[in-house]
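S.K.: Residues per chain are reported as follows:
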Amino acid sequence: MMWPLRWMLRLRPNLLWLAAAVLAGLLLHIGAVLALAHFAPNRALATLSAMAAVNRMAVLDPVTPDHQPLPFLSPAERYAVCRFDLRKGPVAINLTLGGDDWMVAVFGARGANVYALSGADLERREIELVLTARETGGAGSPLPIVRDGSSTTVVPVADRTGLVVISAPATRPAYAEATGRMLREATCTQRVRAGAAAG
Amino acid sequence: MKTRAQSTARLRDLRSAPLPLPRTSPAATTSPPPAPAIHLPPHHPQTPFRLFRRLDSLPMRALRRLAARFAGRTIALAAYGSIAAAIGLVSAWYMTEAGTRLTVERDGPWARWTLAGSPDADPYTQAHFSRAGWLPLSAAAAVYFTASRDSTGEPLFSDCDYTVSGVAPAGRRWTLAAYDLNGGLLEAGAGASAIASDTALPQPGGGFSIALAQSASPGNWLNTSGAARMQLVLTVYGMKQALALKSSAAKAPALFRIERTGCR
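From first to last, the protein sequence lines stand for chains R and H.
Heads up: the first sequence begins at 854 in the working numbering, then just goes up one per residue.
Heads up: the second sequence begins at 483 in the working numbering, then just goes up one per residue.
Hints in this document: simulated from the structure, not taken from any laboratory.
A couple of the hints might just be wrong.
Claimed, not checked - So the derived label-pair ranges between C-beta atoms look like this: (1) H:ALA553 / R:PRO918: 33 to 39 Å; (2) R:PRO918 / H:GLY701: 21 to 27 Å; (3) H:LEU559 / R:ALA962: 35 to 41 Å.
No residue lacks a Cβ here, since even glycine has one placed at the ideal position from N, Cα and C.
Please build the complete structure, drawing on both the sequences and the hints.
M.R.: Put into structure tokens, the structure is as follows:
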């Protein structure tokens, strides 16, 4: 048992090996960060997606300590989610925003936030978002976000599936019923392919 | 007066005389100093098998040397691999958990991931929020601030009472809620689990003062519970638009201060 110890004592810091270790550490750093960024978002989306049928809007119960689907969801907001699937055609989101602080966010399959708007961005409260697969814009080029006078917005999405999250302020009890009703009236419907041109 | 012959004879006597012994204790004089240890090579008897034994020992020595070299290389590889793992994983954990100036802006105890909820979020921001399981809705419409320490730098505990006060942040609306370190809402009991600008009572000067406590408190009261570390999340809606309307020289007002008022 003494001869391995003798070899251990013979070890000298090898600058080349040290540089290689630092380089390997940097590569490990990049790999760990990219792996976390690339794979982990699916968990949050999967949790919310499990609460809604495909291309159907689902209004979540008020966020409380006993009912909190995701970490850091605010109890001061009410949420509605739609799990969209664009493989059979565009999906239209129709809703009436109840105020400036209503928000609509569109997430891709990997959790990337591809589009968001708030009530403060719009003059009209009735909006329609048409989610289309990016390739339908022609030649694989991304479609610009087009807004017309009827508050219809075409949102090209690179992923075929994803999630739409609507959040509405829910701190005033007097508005709780109206907020819940407006969220329940929001729709998420599949459109036939021919309808994509109209969007 | 001595003659030259006498001096020469005296010098000859001194040279031929024995050297005087050093002065030592009586015990030392009685016991002689121990003899130095002498390591002698092991005795190899002159047997007929001596050549065979020598031949036998040479491959064994080579094998031992090879094994020792392999062990040394393995240990070196493990040592440098540990250095690589420490550099890679610790730095990745720190940059995705606490953030750096590249990804996080700090204002007193509050921290904000600058690209949270943005389509252009960098991998560190994406990793941070994915690790936390947090789905920030929008970077343009809402800004998210988190604080896990008070204004003096002490960690926030849910069994301590705090006062969150100051001028309202620039923006249309803000909300404040308390969570545990995993993002779970604290049990609110009879009180509120979130305070928002549209329901909070402003002070005469226009600012706000919110009590975070487990027992009921007059005014704006955010009910906390438990006895563990906690963090606050301040969400400000329309902050970027409000700041954009101001002149470029105007600086955003400092966010709420968090001061501990007592602990149980």
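S.K.: Lying within 35 to 41 Å: is that true of the beta-carbon distance LEU559 (chain H) to ALA962 (chain R)?
M.R.: At 40 Å between Cβs, range holds.
S.K.: Is the gap between the beta carbons of ALA553 (chain H) and PRO918 (chain R) within 33 to 39 Å?
M.R.: Given about 55 Å between the Cβ atoms, the range is violated.
S.K.: Regarding PRO918 (chain R) and GLY701 (chain H), is the given constraint of 21 to 27 Å on their beta-carbon distance met?
M.R.: Check passed, 23 Å falls within 21 to 27 Å.
Checked against the numbered hints above, the structure violates only hint 1.
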